[in-house]
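Assemble the complex: chain A is given as a structure, and chain B must be docked to it using the hints.
Chains A and B, in that order, are what the protein sequence lines are.
Residues in the first sequence are numbered from 0 upward in steps of one, following numbering that gives the first Met the number 0.
Residues in the second sequence are numbered from 0 upward in steps of one, following numbering that gives the first Met the number 0.
Simulated from the structure, these hints should not be mistaken for lab results.
One or more of the hints may lead you astray.
Claimed, not checked - Residues from chain B shown here face chain A by an in silico Cβ test under 8 Å; the list is partial:
no., residue
1, Pro71
2, Met86
3, Glu152
4, Arg399
5, Leu421
Unchecked claim - Sample of chain A residues lacking proximity to chain B, with all beta carbon distances greater than 12 Å (derived):
no., residue
6, Asn247
7, Lys355
8, Pro373
Heads up, the beta-carbon is just placed ideally off N, CA and C, and yes, glycines get one too.
There are 2 protein chains.
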Amino acid sequence: MELKNLSLQIPESNLPRVVIVGGGFAGLELAKGLKHASVQVVMLDRNNYHTFQPLLYQVATSGLEPDSIAGPLRKVFDGFKDFYFRMVKVDRIDHLSSTIETPIGNLSYDYLVLACGSKANFFGLEHIRRKSFPLKQVVHALNLRSQILQNFEKAVLTRDKSEKDALMNFVVVGGGPTGVEVAGALGELKNHVLPNDFPDLDFNDMEIHLIEGTSRLLGDMSSFAGAKAKKYLQKFNTNIILNRLVKNYDGQLVYLDNGDTITTQTLIWAAGVQGNLVDGVPETSTEGNRILVDQYNRVAGVDNIFAIGDLAVYKNQDYPKGHPMVAQVAIQQGRRLARNLAAHLAGKSWKPFEYKDKGSMATIGRNKAVVDLPTGMHFGGFVAWLIWMFVHLFALIGFRNKMVTFINWLWSYLTFDKGNRLIIRKFDRDKTSPVEAV
Amino acid sequence: MELKNLSLQIPESNLPRVVIVGGGFAGLELAKGLKHASVQVVMLDRNNYHTFQPLLYQVATSGLEPDSIAGPLRKVFDGFKDFYFRMVKVDRIDHLSSTIETPIGNLSYDYLVLACGSKANFFGLEHIRRKSFPLKQVVHALNLRSQILQNFEKAVLTRDKSEKDALMNFVVVGGGPTGVEVAGALGELKNHVLPNDFPDLDFNDMEIHLIEGTSRLLGDMSSFAGAKAKKYLQKFNTNIILNRLVKNYDGQLVYLDNGDTITTQTLIWAAGVQGNLVDGVPETSTEGNRILVDQYNRVAGVDNIFAIGDLAVYKNQDYPKGHPMVAQVAIQQGRRLARNLAAHLAGKSWKPFEYKDKGSMATIGRNKAVVDLPTGMHFGGFVAWLIWMFVHLFALIGFRNKMVTFINWLWSYLTFDKGNRLIIRKFDRDKTSPVEAV
Numbered sequence: 000m001e002l003k004n005l006s007l008q009i010p011e012s013n014l015p016r017v018v019i020v021g022g023g024f025a026g027l028e029l030a031k032g033l034k035h036a037s038v039q040v041v042m043l044d045r046n047n048y049h050t051f052q053p054l055l056y057q058v059a060t061s062g063l064e065p066d067s068i069a070g071p072l073r074k075v076f077d078g079f080k081d082f083y084f085r086m087v088k089v090d091r092i093d094h095l096s097s098t099i100e101t102p103i104g105n106l107s108y109d110y111l112v113l114a115c116g117s118k119a120n121f122f123g124l125e126h127i128r129r130k131s132f133p134l135k136q137v138v139h140a141l142n143l144r145s146q147i148l149q150n151f152e153k154a155v156l157t158r159d160k161s162e163k164d165a166l167m168n169f170v171v172v173g174g175g176p177t178g179v180e181v182a183g184a185l186g187e188l189k190n191h192v193l194p195n196d197f198p199d200l201d202f203n204d205m206e207i208h209l210i211e212g213t214s215r216l217l218g219d220m221s222s223f224a225g226a227k228a229k230k231y232l233q234k235f236n237t238n239i240i241l242n243r244l245v246k247n248y249d250g251q252l253v254y255l256d257n258g259d260t261i262t263t264q265t266l267i268w269a270a271g272v273q274g275n276l277v278d279g280v281p282e283t284s285t286e287g288n289r290i291l292v293d294q295y296n297r298v299a300g301v302d303n304i305f306a307i308g309d310l311a312v313y314k315n316q317d318y319p320k321g322h323p324m325v326a327q328v329a330i331q332q333g334r335r336l337a338r339n340l341a342a343h344l345a346g347k348s349w350k351p352f353e354y355k356d357k358g359s360m361a362t363i364g365r366n367k368a369v370v371d372l373p374t375g376m377h378f379g380g381f382v383a384w385l386i387w388m389f390v391h392l393f394a395l396i397g398f399r400n401k402m403v404t405f406i407n408w409l410w411s412y413l414t415f416d417k418g419n420r421l422i423i424r425k426f427d428r429d430k431t432s433p434v435e436a437v
Numbered sequence: 000m001e002l003k004n005l006s007l008q009i010p011e012s013n014l015p016r017v018v019i020v021g022g023g024f025a026g027l028e029l030a031k032g033l034k035h036a037s038v039q040v041v042m043l044d045r046n047n048y049h050t051f052q053p054l055l056y057q058v059a060t061s062g063l064e065p066d067s068i069a070g071p072l073r074k075v076f077d078g079f080k081d082f083y084f085r086m087v088k089v090d091r092i093d094h095l096s097s098t099i100e101t102p103i104g105n106l107s108y109d110y111l112v113l114a115c116g117s118k119a120n121f122f123g124l125e126h127i128r129r130k131s132f133p134l135k136q137v138v139h140a141l142n143l144r145s146q147i148l149q150n151f152e153k154a155v156l157t158r159d160k161s162e163k164d165a166l167m168n169f170v171v172v173g174g175g176p177t178g179v180e181v182a183g184a185l186g187e188l189k190n191h192v193l194p195n196d197f198p199d200l201d202f203n204d205m206e207i208h209l210i211e212g213t214s215r216l217l218g219d220m221s222s223f224a225g226a227k228a229k230k231y232l233q234k235f236n237t238n239i240i241l242n243r244l245v246k247n248y249d250g251q252l253v254y255l256d257n258g259d260t261i262t263t264q265t266l267i268w269a270a271g272v273q274g275n276l277v278d279g280v281p282e283t284s285t286e287g288n289r290i291l292v293d294q295y296n297r298v299a300g301v302d303n304i305f306a307i308g309d310l311a312v313y314k315n316q317d318y319p320k321g322h323p324m325v326a327q328v329a330i331q332q333g334r335r336l337a338r339n340l341a342a343h344l345a346g347k348s349w350k351p352f353e354y355k356d357k358g359s360m361a362t363i364g365r366n367k368a369v370v371d372l373p374t375g376m377h378f379g380g381f382v383a384w385l386i387w388m389f390v391h392l393f394a395l396i397g398f399r400n401k402m403v404t405f406i407n408w409l410w411s412y413l414t415f416d417k418g419n420r421l422i423i424r425k426f427d428r429d430k431t432s433p434v435e436a437v
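Chain A on its own, in the form it takes in the complex (with noise of 0.2 Å):
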């Protein structure tokens, strides 16, 4: 039966409401933030739930399971009040008339707030966006996490040379925190856990190549940092090759932009992001996909409509580029603007956000990862891997969340193994674009 009667609607209340596009970590901490501030919220998303991206590489490599490192965001609003979670795309917004437009119908706001968060940037080459797997969703993950398996299961099906190394090597495309860290999870697979699954491959013929278009690894880090990496994830015997860019796939050979061609089946693409721009945002307030706004979040040149979060540029003095696009970021423009639209309402001032930096760190493989701490100070190695840890053990939704992903770690820990290795989303790229299944 197809449902004819569907439409957003949303009961009528005598607060201002706030529509809030996007349930990633600017969303979530500014619809917590509002819990108790007079205002109706409804929160609009494509997915029920919340996706904690740091972790999205384990899911893919076969660490964790999806359930562990997403929530229900249902779950997180249990008992907000005149709260309301609508699982719907939004189309387009019309802000004269203070309007979203969905399939399902439209809806008013007093106030809107666009966490859209990004996507992955294929700078316009559209071969590569239809043949090569992001890393930015659930669905991704686990569409890679299949890729990967039946690669194996196919390597030991393959009497032909060439098709089992375009099977056994993989090729990641950008040298940032999601690249190196699928980069070395592709690694351990290699060195721990394949070998045992599959004795009858020869395991020296796997090649993980990460190719960065700059002349460092990790560029948003320290040296120190982008070094380090480099040293461990050549301990795995990684091919890194900096300086250089991918400028075509097609399914079967990676085209570098010195001629240099990679066999592979597989092509992760971790080269960038851009804003996930909605439809309807004025052109002069946007700059590519994101969308230009000032100290309190305010798009520029329109009075109710907010954005937040990687979707967002606010250009100051200490960051005249903008923000880094980092959860970090997200989560306190998301907390500093429920407490400017609660205050608002309440008749006092707006208070600039101000970026408070945490630092940064990236992992790489058991006992190995990076740390830079906003001192200054940076180090690598064991106590880095536990800091690392314990910061996305806590940092992850709810008890459940915490310890099933705890339970994984220490098992996978003591054991060198991966458990979650079940393909359930069997995968032919030839049929379905990576980033476009759902």
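Structure of chain B alone, referenced to chain A:
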């Protein structure tokens, strides 16, 4: 890239080759039992994991994640010598040439063991096959989980009473353990979980119907167990309809044999199973979709082919219609056949299969289960529920699965919640038949 050079290459061995089709309970125990036998073992399965089917209903109802109730098959056989797993579908067998045929080529065998299990039996009702949700595979469980959660996300969006009814009603067909356990788990979602998630819905409107063709529930268990299960389900306000058959379903209306109809978007089909018969088995050796075997699980009329588990029917004085299609029979037949094959190759004689009934049990929500012991004793309630939990927990594959399942159960028990509520396989039944989705 299309892979053109795939083939079922298995190294030649001096030892006789045993090909096992299926890594369910029967095939798994057989292969484990052959670890030290003088044979080469080749296991084929369409999935890379073993499914613990008795807990599929918990995946479907958000209680457990799929990775905790399934085990990667390669992991199970880690360290086995002359053992080969291949993820491939078997098209047919040719018993005259002792060959199996697959989409990527043929494979000869000395001994063939068919352990393909069972699938849902729709009794030729094609509309029901296309529109209803069976519960025999991990992907079925995830499809049903997505359907259940999507239903409620849509129910808050509809203004139409009949659409809302169809979304909030669930019809379970079949009063065996699967039907009873699904109905019980839906009752728990209704009582403890969903009302917190959807405060805008009235859960008095959520109807759970359980339809059974005979005059009682749990027909293979004691009448005590059947009556107790009925009482437990009625506490959840489950509408139990006995002595009725479902004749048709159009995706919206369920048609019963007395002309009654029930409106629902979700028909869960647990009304019966049939053998997963492979093409090429001589017709004279089959009965319905199952294979007739003797006391050694040899296929009638063929020397070197065996069938074990749900696919096999072995009739004797104690079981004139064959043994029940349950895990224990499959496990015991797999173990017996392993010992017989090993003995046979060592020049010793065969021992006939004798089923040791270990009793049966079913659970209906927290603190509620029924247990029939082989002594003829039966009981229900909290103790039965504790026994049910520990038996299932210890039967799961691997320490990680046991721990993660235990954490989930403990957490659910303490919080009255179910943690795994992600919609990760957005399900559109109008496009895909739930039984065919992979």
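Do the hints match the structure? See the list:
1. Look at B:Pro71: its Cβ gets to within about 4 Å of chain A, closer than 8 Å, so that hint holds up.
2. Against a cut-off of 8 Å between C-beta atoms, the interface hint on B:Met86 holds, since the closest Cβ of chain A lies about 4 Å away.
3. For B:Glu152, the suggested interface contact is upheld, since its CB lies about 4 Å from the closest CB of chain A, less than 8 Å.
4. At about 4 Å, the closest approach between the beta carbon of B:Arg399 and any beta carbon in chain A falls short of 8 Å, and the interface hint on this residue holds.
5. Taking 8 Å as the C-beta cut-off, the interface hint given for B:Leu421 holds, the closest approach to chain A being about 5 Å.
6. Taking the minimum C-beta to C-beta distance to chain B, about 15 Å, the non-interface status of A:Asn247 holds against the 12 Å cut.
7. Annotated as non-interface, A:Lys355 keeps its C-beta farther than 12 Å from every C-beta of chain B; the closest such distance is 31 Å.
8. A cut-off of 12 Å between C-beta atoms confirms that A:Pro373 is not in contact with chain B; the least separation is 34 Å.
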